[in-house]
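Line by line, the protein sequences are chains D and C. Per the numbering used here, residue 59 is the first one in the first sequence, and the count goes up by one each step. Per the numbering used here, residue 4 is the first one in the second sequence, and the count goes up by one each step.
Source of the hints: derived by calculation from the structure; they are not laboratory data. Be careful, since some hints might not be right.
Quick list of in silico lysine-lysine cross-link-like pairs, DSS-like style, CA-CA up to 27 angstroms [unchecked claim]:
| no. | chain 1 | residue 1 | chain 2 | residue 2 |
| --- | --- | --- | --- | --- |
| 1 | C | Lys74 | C | Lys54 |
| 2 | D | Lys128 | D | Lys61 |
| 3 | C | Lys47 | C | Lys30 |
| 4 | C | Lys47 | C | Lys74 |
| 5 | C | Lys65 | C | Lys30 |
| 6 | D | Lys128 | C | Lys47 |
| 7 | C | Lys65 | C | Lys54 |
| 8 | C | Lys65 | D | Lys61 |
| 9 | C | Lys65 | C | Lys47 |
| 10 | D | Lys131 | C | Lys47 |
| 11 | D | Lys61 | D | Lys131 |
| 12 | D | Lys61 | C | Lys47 |
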Amino acid sequence: AQKITQTQPGMFVQEKEAVTLDCTYDTSDPSYGLFWYKQPSSGEMIFLIYQGSYDQQNATEGRYSLNFQKARKSANLVISASQLGDSAMYFCAMSSHTGNQFYFGTGTSLTVIP
Amino acid sequence: NAGVMQNPRHLVRRRGQEARLRCSPMKGHSHVYWYRQLPEEGLKFMVYLQKENIIDESGMPKERFSAEFPKEGPSILRIQQVVRGDSAAYFCASSPRGLAGGNEQFFGPGTRLTVL
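This is chain C alone, in the form it adopts within the complex (with noise of 0.2 angstroms):
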């Protein structure tokens, strides 16, 4: 059983471009969930996501940064119009259920963002 799959593991955008970043979970798992870490800092709570739904995107940037995660296919994180204070690295995680009760969520490896 594969794990959970990030692509591309580095992206290098310049100012103003998009960035996607996809998120492919593990088989058999609905939900999932994307962080952000900054250097020398925690990973910090996007999104949460099941199958076509936004459950929670309270820690979102208003502007700029979107997500999904349709029916096929993986979840999609989108920076538009990128700016040097994106460069993070982009954590995606997956559970079969939601993280009530101690059920685990299992990380990908990541995309660094690098912002020129």
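Extracted from the complex, chain D is given alone in its bound form (with noise of 0.2 angstroms):
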């Protein structure tokens, strides 16, 4: 069975530092995509960065970030040069290989400390 794990429930960085949001994934499928989201207070769910299981480069996006460890199964987030509006929950999330189940993590809360 699939299964997103995040360990992190709440993480502080100081503004204009690094951070890196800790995921781990489980699964058996041969292939499968891996998803990083942010919501913040507002609540709705904004989709951050993409990494395929195949693909041989990390992805990146902006200040995002996926530190993608295929053999350790972990695709961390990174998020470089922290502001204030990155304050918000984020969560991990896989697709199956098929691609009709997606399954979160139960979300990492950062705070940007001004």
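Need the complex rebuilt from these two chains, each delivered in its own frame; the hints are there to steer you.
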């Protein structure tokens, strides 16, 4: 069965510093996708970044990068140069091989300190 | 191009009543996913539909919950005889294709259901 684990319920980071949010996963699917979403206090889900299980290079999107270590089954999100607006819940997620199902972790609450 | 729309944004029901949550996908999207988010938790997959078909409902409770995505009109998530444990945020997402290969899904703003 697929499972996503986020072990950090809450994180603090100083403004302009970098922060890493941890995500590990478990799956027996031959291929899968890994995603990160941001959920601010307003509640909407905002897509940040995607990594395919066969992608050779780590994904990057602006200040977001995904540190993908397939052998360790980890897909950590790195946010560089944190901004106050980055304060939010962050969810790691995985799509199944068929794309029919989608699994979310329990989330990490990030607070950026001025 | 309007995003995914969900209504109502907030819904209050008494125990035993029915709740109907509506989701209008983005234009051109024929794939719809429903998720439930309990307080202080992540989103849990409920059901995946394409037009007129349920593709995967492995996350749906076996009783009281049903979903449809008719040929015309929005997708509907229906909860019969609601109980307090149904209080949650219900999110809908749509995609032009399935999610295999990393195709993105676009989320609606959610419907917050409160059962009194």
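Hint check results:
This hinted pair checks out: C:Lys74 and C:Lys54 have alpha carbons roughly 6 angstroms apart, not beyond 27 angstroms. Among the hinted pairs, D:Lys128 with D:Lys61 is consistent with the structure: their alpha-carbon atoms are about 15 angstroms apart, no more than 27 angstroms. With a C-alpha separation of about 25 angstroms, the suggested pairing of C:Lys47 with C:Lys30 holds against the 27 angstroms cut-off. A threshold of 27 angstroms between alpha carbons decides the hint, and for C:Lys47 with C:Lys74 the separation of about 26 angstroms falls inside it, so the pair holds.
For the proposed pair C:Lys65 and C:Lys30, the alpha carbon gap of about 31 angstroms is over 27 angstroms, so the pair is violated. For the given pair, D:Lys128 sits about 24 angstroms from C:Lys47 by alpha-carbon distance, which is consistent with the 27 angstroms threshold. Simply put, C:Lys65 and C:Lys54 have alpha-carbon atoms about 22 angstroms apart, close enough for the 27 angstroms limit, and the pair holds. A hinted pair counts as satisfied when its Cα atoms are at most 27 angstroms apart, and C:Lys65 with D:Lys61 qualifies at roughly 21 angstroms.
Restraint check for C:Lys65 and C:Lys47: the C-alpha separation of about 15 angstroms stays at or below 27 angstroms, so the hint holds. Using a Cα cut-off of 27 angstroms, the hinted pair D:Lys131 and C:Lys47 holds, with the two alpha carbons roughly 21 angstroms apart. Proximity of D:Lys61 to D:Lys131 is assessed by CA-CA distance (about 11 angstroms); at most 27 angstroms being required, the pair is judged to hold. As the CA atoms of D:Lys61 and C:Lys47 are separated by approximately 11 angstroms, the hinted pair is consistent with the 27 angstroms bound.
Of the hints listed earlier, the one the structure fails to meet is number 5.
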